[in-house]
Amino acid sequence: MRDGEIDEILKNAADRLPQVKPALLKGVAAAIQPSLRPVRPLPPTGVLTGGVFLICATVALAGAARAGFNGFAKMDLLERTLIFSTLSILAWLAGTEFVHEMIPGSRRRISAEGMLALGSVALLAVFAAIFHDYHTEHFVSAGLICLAMGVVHAIPAALLSWWILRRGFAVNPQSAGLVAGTIGGLAGVGLLELHCPNFQAMHILVWHTAVLLVSAALGALIGRARQFRTGRR
Amino acid sequence: MHPDITLEMLMARYQAGDFVAATALIDRISPQLYRFFLGQIVSRLDADDLLQETWLRVHRVRHTYRPGEPVLPWFYAIARHVRVDHYRKAIRTTSREQRLEEMSELAAMAPEQIGKSDDLDALLAPLSESQREVLQMLKVAGMSLEEVARATSSTVGSVKQKVHRAYEKLRERMNAMGLRKEPSEEKS
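Same order as they appear, the protein sequences are chains A and B.
When we follow our numbering, the leftmost residue of the first sequence carries the number 812, and every step to the right adds one.
When we follow our numbering, the leftmost residue of the second sequence carries the number 2, and every step to the right adds one.
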């Protein structure tokens, strides 16, 4: 059997659309009529993405302003350019994906999981290319401090990003939570790169990148809980 | 309402608070959405509920549609969301065994019943849920691959892959049912 023959069978079957009860359609129209007011459509993707990006940058800069720009001061120009341009590109991409998650029927270029994987791999590649001091000191204790600091800043960044898109509608809250967590995580990593003066390769590769993964996982969990709660109603 | 008015125009007028446009949209899109729900192996009663719920959800989030964008993927994305919610509620309230029983009954429907009745739901029953919904959107709603990708929050490549697998499964099933045209038949 050829594809064309299957097409024909499907077409014949599809030609007969089922009748919807007219009373049901009237009921739907009557239900929406009282609250039918003009609404303002959401702003363009670029504007919303810009808002999310600004939040990401503001949270990272505000955190570093409080904790100190020790890491930034210790880097040379090439290191600064490589790290912060990568973070900026990833934050913009994640912002765009978040906007798409919050608008039903948007065009998708990458999945939420794909965005997280791309972010992690890109950061690992840049860190591995820049930092070559493989000796470790206070690996766990110093690492946990950085992880906690990164996640603490990731949470407000993710929440504020969600607030920017509060008029949107996530058809898949778990996936939207994952992307929001990724955005928050990028803000957290940004803060650590500005602040953390520990340039040991393993510290940065493991603990700084972990901020992204932990934040994304938290975001996905919150989204899943939200999805579950909505389903119960 | 003039039949040449596109769904996108109606949606823009609905956003502007035009009740006539809203009812025209309801009349034009509901049969497709209804078929979409019926194709997911739900009863007519459930399909009625899902259709109503979809319209209430559409009404609540109508501001998320952006003029100029294709409207069908937007509707179907919301309809999918409503269906998933319904499915979650259903597996909490009804036993899984019962549902599985219903599904296997449909899947095991007599082959001749499928081929001759031209019943789309029965035809698509052996497919997985995601394959079924993709074929529904492509073949029933007449959406493009790009639009189906938007509605299902996936990429065009992934939609193509699902369609390919669905066709393979359908071909196998139809061949097994004896619907295959033998070479001698084709020549004659």
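Take the hints with a grain of salt, since some may be wrong.
[Claimed, not checked] Subject to a maximum C-alpha distance of 30 angstroms in a straight line, what follows is the list of computed DSSO-like cross-link-like pairs (lysine-lysine):
{"#": "1", "chain 1": "A", "residue 1": "822", "chain 2": "A", "residue 2": "832"}
{"#": "2", "chain 1": "B", "residue 1": "90", "chain 2": "A", "residue 2": "832"}
{"#": "3", "chain 1": "A", "residue 1": "832", "chain 2": "B", "residue 2": "140"}
{"#": "4", "chain 1": "A", "residue 1": "837", "chain 2": "B", "residue 2": "170"}
{"#": "5", "chain 1": "B", "residue 1": "170", "chain 2": "A", "residue 2": "832"}
{"#": "6", "chain 1": "B", "residue 1": "170", "chain 2": "A", "residue 2": "822"}
{"#": "7", "chain 1": "A", "residue 1": "837", "chain 2": "B", "residue 2": "161"}
{"#": "8", "chain 1": "B", "residue 1": "170", "chain 2": "B", "residue 2": "140"}
{"#": "9", "chain 1": "A", "residue 1": "822", "chain 2": "B", "residue 2": "140"}
{"#": "10", "chain 1": "B", "residue 1": "140", "chain 2": "B", "residue 2": "161"}
Source of the hints: derived by calculation from the structure; they are not laboratory data.
These figures come from a predicted structure and were not determined experimentally.
Hint check results:
no. : hint            : verdict
1   : 822(A) - 832(A) : holds, 23 angstroms
2   : 90(B) - 832(A)  : holds, 25 angstroms
3   : 832(A) - 140(B) : holds, 23 angstroms
4   : 837(A) - 170(B) : violated, 40 angstroms
5   : 170(B) - 832(A) : violated, 34 angstroms
6   : 170(B) - 822(A) : holds, 17 angstroms
7   : 837(A) - 161(B) : violated, 37 angstroms
8   : 170(B) - 140(B) : holds, 16 angstroms
9   : 822(A) - 140(B) : holds, 7 angstroms
10  : 140(B) - 161(B) : holds, 13 angstroms
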